[in-house]
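Following the hints, complete the assembly by docking chain A onto the known chain L.
Note that the protein sequences, when read in sequence, are chains L and A.
FYI, numbering that gives the first Met the number 0 numbers position 13 of the first sequence as 12, with every residue one higher than the one before it.
FYI, numbering that gives the first Met the number 0 numbers position 135 of the second sequence as 134, with every residue one higher than the one before it.
These aren't lab readings, by the way, just hints derived from the structure by calculation.
It is possible that part of the hints are untrue.
Derived list of chain L stretches under chain A, where covered just means 3 residues or more per stretch with a C-beta under 8 Å from a C-beta of chain A [said to hold, decoys possible]:
1. 70–83
2. 87–96
3. 190–204
With the C-beta cut set under 8 Å, the calculated list includes, among others, these residues of chain A facing chain L [as the list claims (entries may be wrong)]:
4. 16
5. 18
6. 19
7. 20
8. 184
9. 328
10. 333
11. 334
12. 335
13. 338
14. 339
15. 341
16. 414
17. 415
Cβ atoms here follow ideal geometry from the backbone N, Cα and C, with glycine treated the same way.
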Amino acid sequence: MSLIDIRNVYKIYNPGENEVRALDGVSLSIEEGEFVAIIGQSGSGKSTLMNMLGMLDNCTSGEYYMDGIDVSHMTDDELSEIRNKKIGFIFQGFNLISSLTAKGNVELPLVYRGMKRAERDKLSTESLKMVGLEKRMYHRPSQMSGGQQQRVAIARAIAARPPIILADEPTGNLDSHSGKDVMRIIHQLHKEGRTIILITHDNGIAEEAQRVVRIQDGKIIEDYINENPKGVE
Amino acid sequence: MSIWENIKIAVFSIRTNMMRSILTMLGIIIGVASVIAIITVGNGGKDYIVDIMSSMSSGAVSIQVKTDATAAELITKEDIESLRGIDSIQYVSPMDYKIGSAYTDNETAICFVLSGNEDLSHVMNITMRRGRFFTEEENKNAANVCVISELGAMVLYNSLDCVGEYINFQVNGQVVKFRIIGVTSADLSASTSSANSTVSMYSEMSANMGNTQDTMMGGSAMVSIVAPITVTDNMSNSKGYNMLYVTAKDSSQAKTVGNAAKNILYAKHGNFGSNVYNVVNMETYTVLVDKIINVFTTFVAGISAIALLVGGIGVMNIMLVSVTERTREIGIRKSLGAKTSTIMFQFLTESIILCLIGGIVGFILGVGMAAAVAWYAGISIKVEVSTIAIAVGFSSAVGIFFGLYPARKAAKMLPIEALRRD
Chain L
0 MSLIDIRNVY KIYNPGENEV RALDGVSLSI EEGEFVAIIG QSGSGKSTLM
50 NMLGMLDNCT SGEYYMDGID VSHMTDDELS EIRNKKIGFI FQGFNLISSL
100 TAKGNVELPL VYRGMKRAER DKLSTESLKM VGLEKRMYHR PSQMSGGQQQ
150 RVAIARAIAA RPPIILADEP TGNLDSHSGK DVMRIIHQLH KEGRTIILIT
200 HDNGIAEEAQ RVVRIQDGKI IEDYINENPK GVE
Chain A
0 MSIWENIKIA VFSIRTNMMR SILTMLGIII GVASVIAIIT VGNGGKDYIV
50 DIMSSMSSGA VSIQVKTDAT AAELITKEDI ESLRGIDSIQ YVSPMDYKIG
100 SAYTDNETAI CFVLSGNEDL SHVMNITMRR GRFFTEEENK NAANVCVISE
150 LGAMVLYNSL DCVGEYINFQ VNGQVVKFRI IGVTSADLSA STSSANSTVS
200 MYSEMSANMG NTQDTMMGGS AMVSIVAPIT VTDNMSNSKG YNMLYVTAKD
250 SSQAKTVGNA AKNILYAKHG NFGSNVYNVV NMETYTVLVD KIINVFTTFV
300 AGISAIALLV GGIGVMNIML VSVTERTREI GIRKSLGAKT STIMFQFLTE
350 SIILCLIGGI VGFILGVGMA AAVAWYAGIS IKVEVSTIAI AVGFSSAVGI
400 FFGLYPARKA AKMLPIEALR RD
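Pulled out of the complex, with its shape left as it was, chain L reads as follows (with noise of 0.2 Å):
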C-alpha cells in the first residue's frame, strides 16, 4: 500500500470550449520515505498537482488514496484534520502570519492539533533548534530575511511531526544561499525518515531528490529514479 496514491486525476477550469487542462490524467503513487522531485514549467500544472497532494485545492474528477483511505470523499473539516497530522507545507511565499512571532506561527498546527501549552512549548523550540532559528522565536516575520522566514515555515511545517513534507518551490524566493540551507534542512528532514514532495521548476535542485517526475501540460511525461542523487554542497 503507497502512502499516496492517486489515480486518473483530472483538474479542468472553465470546462467547455475554453476549458484549460491543468491535470490531464494524472496517477502516480508515492511510497514511505521517498524524495520525489515534481518538476515541470510554469503552467505545466505542477502546482496544481501539489495543491491536490495536499488537499487545498479539490479534483474535477479522479481518486486520491492516503495511507489506502479515500480521501477524495471527504469533508472539509476532515481534510483539515489530514492536512494537521499528515501534512507539513513549505510554500515559495512562506505564507507565515504576520501578526504572530516566529514561535507562534511554529505552533499554530499544534494549536489546531489540541495540544497543551507545556508540549506546543516544547515541540515548537524543538522545531525552531533544528532550523537554526532558536535565537530568533521572539521575532515577527517582518524582522527576518526571507531565508529565515523561509526555515520559520519549515520548522511550522515540522512541528506537528508529520510524516510528508510537500514544499513547493521553497527556494523560489531566496539568493541561492540562502536556498542551499533551506535544501540542507530537507535533505535533513528526509533522513529522518519524512516522505518528501518538493515542487520545482529548477533542473539542479531536482536532481538531489532520488526520484523526478517531470510534468507538462497537465500530465506526468517522465518518472524515473535518479540513481545519484545530487548532494548539497
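Frame of chain L, contents of chain A only:
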C-alpha cells in the same frame, strides 16, 4: 482548543491590529453613543413635557356652562354653597376672570385677573413663594387684595418682594386698587388655559387690549393676579359664573364627584336635559397630552432608528473589510489544520470582544453627551437599561453578524482559494 486559548488569541489579534480594531470599535462606539444620547435626551424631554402638563392639574374637575346658556342657568353663589355641603367634595370654587390693564407708579402692563373663592388655591394648585393666599374672610368682605404671579412681580417691581405694594387694575373705565398679599410661582394664565375657554379668553383679551391701548405705555408685558371673586363680581355685577372647580376627597373619584356636582346643578336650576353643564376633568386633557407625547416618542424612536442604522452600517463596513483582508490568514490557518468551526469561533470571539469594549466606551460617551445636552437644555435625564440594551445589543448584533458572515464565507473556501488572496 479551549475557550481561554481562544480569548487569548482574539485579544492578541486585536492588540496586534490596533488601528483596525480601533476603527471597528469606533463604528460601534458612535452607534451606541448616538443611540443612547438621542433616546436619553428624547425621553428626558418627554418627561419634561409630561411634568409640565401634569403640574397644570391639581386633580380638579371643572364644570363649564355652555355659552348659549340663559342667565338663569349660570352657576350661583348658592350653588357653590350647596356643593360645599356634599361629603365627597373637598374644595369647590367658582372661577371668573377679567382682562384689562395694570399700572403702578412706574409700570404698565396687560393684566389678567383670575378670581375665585379661598378654595381656588387648592383647586388650581397655587403655591406661594411670598406672603399668603386670601382668606375666606377677605373673600366674604370683597377685600381688594390679590396674589401676583412671580412673572408679574418681576414685570412690575423687578423683585419678588412686593407684598404690601398696590396695583391699579383698570377695565372698562373702572379702577380697582389691589393690595398685594402674596406671590405665587404658578403660571396662572397657563393653568386657566386648561379650562377650555382659552379661545374665548384670548379673544376677549385682545378685544380689551384695544380698549386699553391708550392707557398702555409699557408694551405687551402681561401680568396675572388672583383676586377674591367677590371683587370681580362687584366690577361686572354678573348674575352668576360660567365655571367652577371641584376636587374630590378621594382623588380617584374625581370624575364621579364631577358628575354628581353637575347633577346637583341641574337639580337646582331645574333644567335637566338642557346639557348646559359640561364636566371637564384631566382625562380630557390626558388624551391631548397622550397625542403630543406619542408624536414625540415616534420622533425620538425614528431618529434613534436612523442612528442605529448609521452605526450598524459603520460596524458592518469595517467588519467586512477587516475580515476580507484576512482571507489569506484564514487560508493559512486552514492549510495548517484549522476547522471551519475553529475559524468561526476565533472571529466570533474577536467580534464579541470588540463589540463589548466598543459598547462600554459608547455607553460612557453616550451618557456623557446626553448629560451635556440635558445640562444645556435644563432638563433632567435618566438612562434606562432598555436603552443600553437596545443600543449595545443592536450594534453588537450587527458587528457580530457582519464579522461572522465573511469569516464563514472565507472559512468555507477551498484553502487554495483563500491562500491566493492578497
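Evaluation of the provided hints:
Beta-carbon proximity to chain A at under 8 Å applies to 6 residues in the stretch 70–83 of chain L; the threshold of 3 is reached and the given coverage holds. Remark: the stretch 87–96 of chain L is confirmed as covered by chain A, as 5 of its residues place a Cβ nearer than 8 Å to a Cβ of that chain, reaching the required three. Evaluation of the coverage hint for the stretch 190–204 of chain L: breached, as 0 residues show C-beta separations to chain A shorter than 8 Å, against a requirement of three. Taken as an interface hint, residue 16 (chain A) checks out: its beta carbon lies about 7 Å from the nearest beta carbon of chain L, inside 8 Å.
About 12 Å separates the beta-carbon of residue 18 (chain A) from the nearest beta-carbon of chain L, more than 8 Å, and the hint is not met. This hint is violated: residue 19 (chain A) has a C-beta 10 Å from the nearest C-beta of chain L, more than the 8 Å allowed. Hint status for residue 20 (chain A): violated, given a least beta-carbon distance of 11 Å to chain L, over 8 Å. Because the beta carbon of residue 184 (chain A) sits about 65 Å from the nearest beta carbon in chain L, more than 8 Å, this interface hint is broken.
Evaluation of the residue 328 (chain A) hint against chain L yields a held restraint, the C-beta minimum of about 6 Å falling below 8 Å. Of the supplied interface hints, the one on residue 333 (chain A) holds, with its beta-carbon coming within about 6 Å of a beta-carbon of chain L, less than 8 Å. For residue 334 (chain A), the interface hint holds, since its Cβ comes within 8 Å of a Cβ in chain L; the closest pair sits about 6 Å apart. Checking residue 335 (chain A) against chain L: minimum C-beta separation of about 4 Å stays under 8 Å; hint holds.
Checking residue 338 (chain A) against chain L by beta carbon gives a least distance of about 4 Å; that is within 8 Å, so the hint holds. Annotation: interface hint on residue 339 (chain A) holds; nearest CB of chain L at approximately 6 Å, less than 8 Å. At about 7 Å, the closest approach between the beta carbon of residue 341 (chain A) and any beta carbon in chain L falls short of 8 Å, and the interface hint on this residue holds. The criterion of a C-beta within 8 Å of any C-beta in chain L is met by residue 414 (chain A), whose closest approach is roughly 4 Å, and the hint holds.
Satisfaction of the interface hint for residue 415 (chain A) is found here, the shortest Cβ-Cβ separation to chain L being roughly 4 Å, below the 8 Å cut-off.
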